[in-house]
Structure formats: C-alpha cells, structure tokens
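Going line by line, the protein sequences match chains L and C.
Those letters in the first sequence? Residues 1 to 231, by my numbering.
Those letters in the second sequence? Residues 1 to 310, by my numbering.
Just so you know, the hints here were simulated from the structure itself, not pulled from any lab data.
As the structure is a computational prediction, the values presented were derived from the model and not from experiment.
It cannot be assumed that every hint is accurate.
[As the list claims (entries may be wrong)] Computed footprint of chain L on chain C, listed as stretches where at least three residues anywhere in the stretch have a Cβ under 8 Å from a Cβ of chain L: (1) 209 to 216; (2) 292 to 300.
[What the hints assert, rightly or not] As a list, the in silico DSBU-like pairs of lysine-lysine whose alpha-carbon atoms are at most 35 Å apart: (3) LYS133(C) <-> LYS143(L); (4) LYS86(L) <-> LYS221(C); (5) LYS132(L) <-> LYS221(C); (6) LYS133(C) <-> LYS89(L); (7) LYS86(L) <-> LYS133(C); (8) LYS294(C) <-> LYS14(L); (9) LYS173(C) <-> LYS133(C); (10) LYS123(L) <-> LYS221(C); (11) LYS221(C) <-> LYS143(L).
Every residue, glycine too, gets a C-beta built ideally from N, C-alpha and C.
Residues per chain, in single letters:
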Amino acid sequence: MSQKNISIEAINLKKVYLRGSEEIPAVNDVSMRINQGDFISIIGPSGSGKTTLINLLGFLDNPTSGELYLGGRSIFNHAKPLSERKLTKIRRETFGYIFQNFYLIPTLTVMENVVLPLTFYRKPGTENEAVKLLQLLGMEHRKNHLPGQISGGEMQRVAIARAMVNMPEILLADEPTGNLDTKRSAEIVQVLKELNRNVGLTIIMVTHNQDLARHADRMFEMKDGQIRQID
Amino acid sequence: MEDIAKEPEVEKAFPMLMSAVFDPNKGESGGIAGYFGVEAKSFAELKPSLKFRQGGWFTDVNADEAVMGYEAAELEQREVGDKILMPDKNVEFKVVGILERTGTQDDGTIFVPLKTLQKIFGRPDELTTIGIKLKKGVDSTRFEEKLYKLPDVQVVSLTQVKQTIMGLISTAKVMVLSIAIIAILIAMVGVINTILTSVWERFQEIGILKTIGAMPWDIFKLIWIETLILCTTGGILGIILALILSRVTDLVIRYVLPYAPSGGLVLIDLKLVLITMAAILCIGLLSGLYPAWKAGRIMPLEAIRGEVGR
Chain L
1 MSQKNISIEA INLKKVYLRG SEEIPAVNDV SMRINQGDFI SIIGPSGSGK TTLINLLGFL
61 DNPTSGELYL GGRSIFNHAK PLSERKLTKI RRETFGYIFQ NFYLIPTLTV MENVVLPLTF
121 YRKPGTENEA VKLLQLLGME HRKNHLPGQI SGGEMQRVAI ARAMVNMPEI LLADEPTGNL
181 DTKRSAEIVQ VLKELNRNVG LTIIMVTHNQ DLARHADRMF EMKDGQIRQI D
Chain C
1 MEDIAKEPEV EKAFPMLMSA VFDPNKGESG GIAGYFGVEA KSFAELKPSL KFRQGGWFTD
61 VNADEAVMGY EAAELEQREV GDKILMPDKN VEFKVVGILE RTGTQDDGTI FVPLKTLQKI
121 FGRPDELTTI GIKLKKGVDS TRFEEKLYKL PDVQVVSLTQ VKQTIMGLIS TAKVMVLSIA
181 IIAILIAMVG VINTILTSVW ERFQEIGILK TIGAMPWDIF KLIWIETLIL CTTGGILGII
241 LALILSRVTD LVIRYVLPYA PSGGLVLIDL KLVLITMAAI LCIGLLSGLY PAWKAGRIMP
301 LEAIRGEVGR
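Can you make the complete structure from the sequences, with help from the hints?
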C-alpha cells in the first residue's frame, strides 16, 4: 500500500521462556527476511514456537536476544527491550493483526468495530477506507449488526477490515481460520490472497493447515523453535 | 451565702433559686416553664446590661409579681399589667416588667422575687445558685479552688461553662468528621474495587484495543473517564437521595422530639451540593488512578494468550 519498501529482517532471533528454573527456547536462532509484498505462511505442530515467532515479527513481544530490522531500520538489538509506547507506535503505523478468536468488541456494531482503530490513531487518507473495505469483503449489508449476530467467517472478515482500516503495510494472521470450517477457511485465505495481490499487502500467516498454507508464496515450517523453508 | 460574700476576693454575691414547672399548655404536648427566683436589686447589678422594654423590677421582695424575658412574654402574649398563672402551683403573678431581647437564656425565663419562689416551692432559705462577681484583678482559678472546699457546692465558672460547651461541640465535630472520613475511605475502596473488577473482566478487550493502536495513555483515559462517569452518576443519585431522606429525617426527628425547632432541621443548600459534587469528583479522580494505570499497562500479548499478568 505504501510506496516505501517495508521489509522485516530477523537475525538470530531468540525467545526463551522460563518455566521454573528450566529455560525453554520457544524461538531458537531464527533468521529470515520477509520482503514487501510477500505472502508467507508458517506451519508447524502446536508448541513448535510459530505463534511466538509471529508475535516477535509483529512487535507484540520482545525477543530475548537477536536483531530485528523493519524497513532497514534497526528496531531491536542487543536484548534491549522496547517500551510499550514504542511498540504500540510501530504496531499502529505498520501492522494489522487478525487472530483465531477474532476479538471483536461484542457491544459494538460491525461498522463501529472496523473504525475503532481510528479512535486512537488515523493515517492520512483513510477517510472512506472502512466503507470500501466492508464492500470489498462483502460485509456492507452487515455493518449495523453486532458480532454476535453474524457467522464466524463473517466475524473474521470484520476483523480483517478492522486490521486494514489504517492501511498497514504488513498483516499478521495467527491461525485466522482456526475456528472456521473448511469452506469458510478457504474463503478467508482467498480474501487474504486478494489483498496481497491487489494492494501489495505483506502477509505473514500462521496455520497448522497445510492445504491453506500452500496458497502462500513461500511456506515455512517451525519445529522445536527452528525454522525451515519448504519448497 | 454570707460566707461567700465575706471572702475578700468577692465583690458581690447574688442568691438565686431556679425552678421549673411542667406547663401542659406549652407546645403541642406540654413543656417546661423555667422560673428564676432573684433579688431584684442584686440581680440588676449582676447583669447591668438587662434593659426593660416595659415596666420595671418587682416592687417588693415578697410580691406576687413577675418580670418576663422577651421571648417568654411573646410566647405567653403578656404585657405589663397582665396576670400569669404558674401551672401546677396555681399561683397568679402580676407582670410588672418585660425585658428587651438579650439573645441569651434570659429571654425565655420568667423572673419572680426570690422569697416568693422559695415560699411557693416550700424551700425557704434554700438556693440553687449563687452568682459571684469577683473583684478586679482576682485570679478566678485560685478562687475556684477555694470554693471547692465548701461542702455540697458545685463551682462553675463562666470559662468552664464555655469550655464544656466548646468541648461538646468539638467532640461532636470530630465524631462526625471521623464518620465522614471512614465513609469516604470505604467509598474509595469500593470505587477502586469496582473499576479494577471491570478492568479485569475486559482484560482481553483492553489488550485488543492496544493491538489496534491504543496507547497506554488512551486506555488510562478511557478507564479514568469511566470512573468519573460512575462517580458523577453515583453522586447525583446520592444527592437526590439525600434531599429526599433529609425530609424523612426531619419528619422522624419531629416525631421523636416534639420540642424540635421549627423550620428545616437538615439543611441542604446549593453550596453544600456543589461542595459534595466537587468532593465526589476528586474522590473519583483519585480512585480511578490506580485501576486506570493498571489497565494502561496490560500487554496485548497477555490478553491474546488469555493470561492475566498481575
């Protein structure tokens, strides 16, 4: 969407969790580069560290060590954690997020949910984005419904619209189809693919469904905190 | 009496007899009428500020005559020359004088000659009170000590009376203030608890707001404003309730205490309402600080994982 070349580069990224006195490396020495306009998928069994990795790449979490570059700018290095303020700034300017559980605000209508991010931060030129997005995602007829009144597939479309309303460069999707049936899952991945093709959105998708992962340009597999590209 | 008058420090001593009779016609269900037996000459010296609106002092120490305080005369609708009947004892007095308003208890008192009152109540040569005026430059405290040595005598100096009353008032004030402070503390804990609970219930929601771009300050404001709305609503309801209950309190007091003065007993005016509202807002702002700060620190990741990071 932006003319800037926003890439993510991770070098020797590591995230260690402490369980008691035992150190558990959820992400162990991961180096990867995600270019502008990429659509990559990460698969792997549960506990393989794929969610931890996507959280690190999306600045939702601080790595234990390693380096992280965003658009060539060093954002994180030498185990210096970023403040919540700085993380929030990076997140809202560059990223959109969707999750398995959609996380729509149940008391707000579809339209209100979509424009909610604009309450806190608004990029210039996003005036009619919400309406356009709802049209694009085929949800315009549902805009005055509450999340409880629409189906799971529709809720995920609303969540995508909300993630997209500030025109992010990168969309992070953590198990976006985890709560949907096969047909709806395929539809959501199709929507993501169209966003990638049509507006050049960078997409990082975590899933455990190989068939869906195959729709991405590049596919990675996580195992015991290590990453490997699948050809 | 004579002994006291002989003390070197004493300039003058004034004998008095105080009596009260039940007057069934006073107020709604009767009341106490206070009679003060005094010697006209000495009493006038003790209280040189007393002035007559009508008439003057008794003509004789044994006369069935009365001098009425301003309010007593007003209440009984008497003028000089009228008669008043002492209830219960069935003695009639002739009103010979009515005093000007003094703003003291004298206003409500009926003065009669000392000897007359002693006779009516069958207490000849008995006194209830001796007023003492000390000579100039005499240490009243030291003289007081001296009087305590007398048997069956209670000494009350004016300073003491004032101190007692002030003491009572300040005790009451401290009590009321303590209750108010405790109430405010309880209210604050209640508000903090309510808001913290509501923050915890919406833990995930707040985390999501942060992933979609809300700064810690945005969340802080959100929760703080919510606390303010809660407190303002509560405050307005409380004031309405107080206005209603003050009327009820009024009625209850009137029912329990028939002698309560007329007019509103519990006074809630605009100033009090405004002060209360301002206090509520301050308490709200203070109580909201901690929950709002807590909410602002919720990490989006914790919310997504469904963990509660405390």
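Status of each hint after checking the structure:
1. Only residues whose C-beta sits within less than 8 Å of a C-beta in chain L count toward coverage, and the stretch 209 to 216 of chain C has 8 of them, enough to reach three; the restraint holds.
2. With 3 residues carrying a beta carbon less than 8 Å from a beta carbon of chain L, the stretch 292 to 300 of chain C meets the three-residue requirement, and the given coverage holds.
3. With a C-alpha separation of about 92 Å, the suggested pair LYS133(C) and LYS143(L) falls outside the 35 Å cut-off, and the hint is violated.
4. A distance of roughly 19 Å separates the Cα atoms of LYS86(L) and LYS221(C); the hinted pair therefore holds under the 35 Å criterion.
5. In summary, the hint linking LYS132(L) to LYS221(C) is supported, as the alpha carbons are separated by about 31 Å, within the 35 Å threshold.
6. A distance of roughly 84 Å separates the Cα atoms of LYS133(C) and LYS89(L); the hinted pair therefore is violated under the 35 Å criterion.
7. Taken as a hint, the LYS86(L) and LYS133(C) pair is broken in the structure, with Cα atoms around 83 Å apart against an allowance of 35 Å.
8. The hinted pair formed by LYS294(C) and LYS14(L) meets the criterion: a straight-line CA distance of about 29 Å does not exceed 35 Å.
9. At most 35 Å may separate the alpha-carbon atoms for a hinted pair to count; LYS173(C) and LYS133(C) meet this at roughly 33 Å.
10. The straight-line distance between the Cα atoms of LYS123(L) and LYS221(C) is roughly 21 Å, inside the 35 Å bound, and the hint therefore holds.
11. At roughly 28 Å between alpha-carbon atoms, LYS221(C) and LYS143(L) fall within 35 Å of each other, so this suggested pair holds.
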